[in-house]
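Asker: Each chain is listed here by its residues.
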Amino acid sequence: QKEVEQNSGPLSVPEGAIASLNCTYSDRGSQSFFWYRQYSGKSPELIMFIYSNGDKEDGRFTAQLNKASQYVSLLIRDSQPSDSATYLCAVSGGSNYKLTFGKGTLLTVNP
Amino acid sequence: EAGVAQSPRYKIIEKRQSVAFWCNPISGHATLYWYQQILGQGPKLLIQFQNNGVVDDSQLPKDRFSAERLKGVDSTLKIQPAKLEDSAVYLCASSPVAGAGNTIYFGEGSWLTVV
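First to last, the protein sequences are chains A and B. Position in the first sequence (from 1) plus 1088 gives the number in our numbering. Position in the second sequence (from 1) plus 4 gives the number in our numbering.
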């Protein structure tokens, strides 16, 4: 059974700080890695995806991937109260590109 | 572009009753997914369709859950008979095709409470 593990949280940071969210995965054959944000009572929405080792930046968000360590992270710079949500790490692989999610990390940004 | 449509949004049923959820994916999307999300957990894939064929249903409790995607467009997920532990949000999602880096888009979900 392929597993995706996330730091359990909840994570609380002050407004303007950097929030760091971490994820590890068990399947070395995984090919694509996604971060979704889910507000309470809403469906997941895609923030970023990454499939090459290194960093990928999009505005205040940076995804980092290290396939050797089977580790992917999401950094949120200049955190805002509107970033308060559950962040889901998802990993895709296999012949059907099955997407497996972690349990999520609840982030709270305090004004 | 219209998103993934799901109905009903909310449903309350008694245990041992049946329920059906409907999903209309984004136009042109070949791959359709049904996920189950229990409160406090991440989504769990129940079934994945490529056009109207099943490519993964390894986590679908087949003794009580069934799903179909006729004509490769709309899909229906049925639960019969329902158990208390089936209380969850049922998320339908779609993507153009299943592939590396391919994004899937979620509907708003169908919230099921079994009492």
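For the record, the hints were derived by calculation from the structure and aren't laboratory data. One or more hints might be untrue.
[Stated by the list, open to error] Pairs of lysine-lysine, DSS-like flavour, derived with a Cα cap of 25 Å:
{"no.": "1", "chain 1": "B", "residue 1": "K19", "chain 2": "A", "residue 2": "K1186"}
{"no.": "2", "chain 1": "A", "residue 1": "K1144", "chain 2": "A", "residue 2": "K1186"}
{"no.": "3", "chain 1": "A", "residue 1": "K1090", "chain 2": "A", "residue 2": "K1191"}
{"no.": "4", "chain 1": "A", "residue 1": "K1090", "chain 2": "B", "residue 2": "K15"}
{"no.": "5", "chain 1": "B", "residue 1": "K75", "chain 2": "A", "residue 2": "K1144"}
{"no.": "6", "chain 1": "B", "residue 1": "K48", "chain 2": "B", "residue 2": "K82"}
{"no.": "7", "chain 1": "A", "residue 1": "K1130", "chain 2": "B", "residue 2": "K15"}
{"no.": "8", "chain 1": "A", "residue 1": "K1191", "chain 2": "B", "residue 2": "K66"}
{"no.": "9", "chain 1": "B", "residue 1": "K75", "chain 2": "A", "residue 2": "K1155"}
{"no.": "10", "chain 1": "B", "residue 1": "K82", "chain 2": "A", "residue 2": "K1186"}
{"no.": "11", "chain 1": "A", "residue 1": "K1090", "chain 2": "B", "residue 2": "K75"}
{"no.": "12", "chain 1": "B", "residue 1": "K75", "chain 2": "B", "residue 2": "K19"}
{"no.": "13", "chain 1": "A", "residue 1": "K1191", "chain 2": "B", "residue 2": "K75"}
{"no.": "14", "chain 1": "B", "residue 1": "K75", "chain 2": "A", "residue 2": "K1130"}
{"no.": "15", "chain 1": "A", "residue 1": "K1090", "chain 2": "B", "residue 2": "K48"}
{"no.": "16", "chain 1": "A", "residue 1": "K1130", "chain 2": "B", "residue 2": "K48"}
{"no.": "17", "chain 1": "A", "residue 1": "K1155", "chain 2": "B", "residue 2": "K15"}
{"no.": "18", "chain 1": "A", "residue 1": "K1144", "chain 2": "B", "residue 2": "K15"}
[Said to hold, decoys possible] Which residues of chain B face chain A? A few of them, derived with a C-beta cut under 8 Å, are:
{"no.": "19", "residue": "E18"}
{"no.": "20", "residue": "S22"}
{"no.": "21", "residue": "W26"}
{"no.": "22", "residue": "Q45"}
{"no.": "23", "residue": "G46"}
{"no.": "24", "residue": "P47"}
{"no.": "25", "residue": "L49"}
{"no.": "26", "residue": "Q52"}
{"no.": "27", "residue": "T107"}
{"no.": "28", "residue": "I108"}
{"no.": "29", "residue": "G111"}
{"no.": "30", "residue": "G113"}
Where is the CB? At the ideal position from N, CA and C, for every residue including glycine.
Asker: Taking the hints in turn, state whether each one holds.
Answerer: Taking the hints in turn, this is what the structure says about them:
1. Distance check on the hinted pair: B:K19 and A:K1186 sit about 31 Å apart at the alpha-carbon level, beyond 25 Å; violated.
2. For the proposed pair A:K1144 and A:K1186, the alpha carbon gap of about 22 Å is at most 25 Å, so the pair holds.
3. Note on A:K1090 and A:K1191: the hinted pairing holds, with a Cα-Cα distance of about 13 Å set against a maximum of 25 Å.
4. At roughly 31 Å between alpha-carbon atoms, A:K1090 and B:K15 are farther apart than 25 Å, so this suggested pair is violated.
5. The hinted pair formed by B:K75 and A:K1144 fails the criterion: a straight-line CA distance of about 39 Å is larger than 25 Å.
6. This hinted pair checks out: B:K48 and B:K82 have alpha carbons roughly 16 Å apart, not beyond 25 Å.
7. Our distance criterion of 25 Å between C-alpha atoms is met by A:K1130 and B:K15, whose separation comes to about 16 Å.
8. Between A:K1191 and B:K66 the CA atoms are separated by roughly 24 Å; this keeps the pair inside 25 Å, and the hint holds.
9. Note on B:K75 and A:K1155: the hinted pairing is violated, with a Cα-Cα distance of about 39 Å set against a maximum of 25 Å.
10. For the given pair, B:K82 sits about 22 Å from A:K1186 by alpha-carbon distance, which is consistent with the 25 Å threshold.
11. A threshold of 25 Å between alpha carbons decides the hint, and for A:K1090 with B:K75 the separation of about 31 Å lies outside it, so the pair is violated.
12. The hinted pair formed by B:K75 and B:K19 fails the criterion: a straight-line CA distance of about 31 Å is larger than 25 Å.
13. Of the supplied pair hints, the one linking A:K1191 and B:K75 is violated, its CA atoms being roughly 34 Å apart against a limit of 25 Å.
14. In summary, the hint linking B:K75 to A:K1130 is not supported, as the alpha carbons are separated by about 29 Å, beyond the 25 Å threshold.
15. For the given pair, A:K1090 sits about 12 Å from B:K48 by alpha-carbon distance, which is consistent with the 25 Å threshold.
16. For a cut-off of 25 Å, the pair hint linking A:K1130 to B:K48 stands: about 16 Å separates their Cα positions.
17. Proximity of A:K1155 to B:K15 is assessed by CA-CA distance (about 42 Å); at most 25 Å being required, the pair is judged violated.
18. Of the pairs offered as hints, the one joining A:K1144 and B:K15 is violated, with about 41 Å between alpha carbons and a cut-off of 25 Å exceeded.
19. Hint status for B:E18 relative to chain A: violated, with the closest Cβ pair at about 24 Å, above 8 Å.
20. The criterion of a C-beta within 8 Å of any C-beta in chain A is not met by B:S22, whose closest approach is roughly 24 Å, and the hint is violated.
21. Evaluation of the B:W26 hint against chain A yields a violated restraint, the C-beta minimum of about 16 Å exceeding 8 Å.
22. The restraint placing B:Q45 at the interface with chain A holds, with a minimum CB-CB distance near 5 Å, inside the 8 Å limit.
23. At its closest, the beta carbon of B:G46 sits 4 Å from a beta carbon of chain A; the interface hint therefore holds under the 8 Å criterion.
24. Taking 8 Å as the C-beta contact cut-off toward chain A, the hint placing B:P47 at the interface holds, the least distance being around 5 Å.
25. Because the beta carbon of B:L49 sits about 6 Å from the nearest beta carbon in chain A, less than 8 Å, this interface hint is met.
26. Because the closest C-beta pair between B:Q52 and chain A is about 6 Å apart, less than 8 Å, the hint holds.
27. The beta carbon of B:T107 is positioned within 8 Å of a beta carbon in chain A (closest approach about 6 Å), and the interface hint is therefore held.
28. A cut of 8 Å between beta carbons decides the hint on B:I108: the least distance to chain A is about 6 Å, and the hint holds.
29. With a cut of 8 Å, the hint placing B:G111 at the interface with chain A holds, because the nearest CB-to-CB distance is about 6 Å.
30. Because the beta carbon of B:G113 sits about 5 Å from the nearest beta carbon in chain A, less than 8 Å, this interface hint is met.
The structure fails hints 1, 4, 5, 9, 11, 12, 13, 14, 17, 18, 19, 20, 21 (numbered hints given earlier, in ascending order).
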